[in-house]
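J.: For the record, the sequence lines run as chains A and B.
The first sequence maps to residues 1 to 192 in the numbering used here.
The second sequence maps to residues 1 to 192 in the numbering used here.
For the record, the hints were derived by calculation from the structure and aren't laboratory data.
Values in this document were obtained by computation on a predicted structure and should not be read as measured data.
Check before you lean on any hint, since a few could be wrong.
Calculated lysine to any residue pairs in the SDA-like style (CA-CA distance at most 25 Å, straight line) [claimed, not checked]: (1) B/K94 - A/H107; (2) A/K94 - B/T152; (3) B/K94 - A/H113; (4) B/K52 - A/H113; (5) B/K94 - A/V24; (6) B/K52 - A/I165; (7) A/K52 - B/D108; (8) A/K94 - B/H113.
Each chain, letter by letter, is given below.
Protein chains: 2
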Amino acid sequence: MAGRLTPQRESELYEAVLDLLRDVGYDALTMDAVAARTRSSKATLYRQWGSKPELVARALRNNKPVDIGQIDTGSLRGDFHEMVARTDACQMEKDSALMRGLAHAVHDNPELHTALRELLIEPEVGGLQAVLRRAVDRGEVRADNPALGFVTHMMVGAFVARQLIEDRNVDPDFLAAYIDAVILPALGVEPG
Amino acid sequence: MAGRLTPQRESELYEAVLDLLRDVGYDALTMDAVAARTRSSKATLYRQWGSKPELVARALRNNKPVDIGQIDTGSLRGDFHEMVARTDACQMEKDSALMRGLAHAVHDNPELHTALRELLIEPEVGGLQAVLRRAVDRGEVRADNPALGFVTHMMVGAFVARQLIEDRNVDPDFLAAYIDAVILPALGVEPG
Chain A
1 MAGRLTPQRE SELYEAVLDL LRDVGYDALT MDAVAARTRS SKATLYRQWG
51 SKPELVARAL RNNKPVDIGQ IDTGSLRGDF HEMVARTDAC QMEKDSALMR
101 GLAHAVHDNP ELHTALRELL IEPEVGGLQA VLRRAVDRGE VRADNPALGF
151 VTHMMVGAFV ARQLIEDRNV DPDFLAAYID AVILPALGVE PG
Chain B
1 MAGRLTPQRE SELYEAVLDL LRDVGYDALT MDAVAARTRS SKATLYRQWG
51 SKPELVARAL RNNKPVDIGQ IDTGSLRGDF HEMVARTDAC QMEKDSALMR
101 GLAHAVHDNP ELHTALRELL IEPEVGGLQA VLRRAVDRGE VRADNPALGF
151 VTHMMVGAFV ARQLIEDRNV DPDFLAAYID AVILPALGVE PG
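In isolation and in its complexed conformation, chain A is listed as follows (with noise of 0.2 Å):
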């Protein structure tokens, strides 16, 4: 199926999905109106995506241009410092708000939660384990340091938190601070 669009027709819809799902939330995300905003046919969308849920996931995918798993400073903090680095604070925002939209609607609709994880969540943490796992080649940290597992769980709760009890959105300045106070000790890592 891939293919039949352009890769820049492509990230058009996507854009037009995300927008959308800013707009509306995911509940009132038909196919319709993406078809609509994209002078689309419903039927081009389902050949292409199969579903809402999938499509959903796709635009969210490809709304992550950065490839954790492609940085390779040298250094775990180096690693991590560049990862904020190449995230600008916009999308950063951008990226909260529809997290926030999404948070109810993965837990409704398995599909969407199953999309989310096989296209965004499983990518995302397979490249932070590629740099872990580079770190602990490196002696950088131990092998069997329990804080290794719950990497991922450190990074939802700086975006989560600074919401949901700081009402501020996550920037390039907090999750720096964060990494060298709370990731980087976790670790065992001198934070510089």
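Use these hints to put chain B onto chain A, whose structure you have.
T.: Same frame as chain A, now just chain B:
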């Protein structure tokens, strides 16, 4: 206004509100439905609680009987593990279900967010800060440890990421492992 209902009647009302919240979600929860389920008059509900966001926030607060700040075992590790021990697994599951249902509503309803912050989040954060302050006073944690400002973020991450990434509810064993692997090391405390 307080004191017009017996404490037992008040607890019954709060339980009914939480049941409704789990069943239908925040948006569909109306004061009419609360009045019907609890055989109260709407006038009583408004007189006692003022508004739906405040009623929901108070019901949630009533659901959280563990006063963290009162826990004082003599060590930070002891205090954290006592928090976990005082919350049963079934209650954790019910709380997670409530929090999922509220995540979206919180963003769309500033009044609910304010009520939740004043009645639930700030007392919890305050209790946690009392526990941390005693650890600093005992010399277990350095007063300038930067992780002191992020303990709530770490805790929230444990709850949210467990659900989102692992698709499992938080349970006491998971929380105990997370405390020893992440929170205590970030604070510079030996996990025991």
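J.: When the structure is checked against the list of hints, which entries are broken? Sort them ascending.
T.: 4, 5
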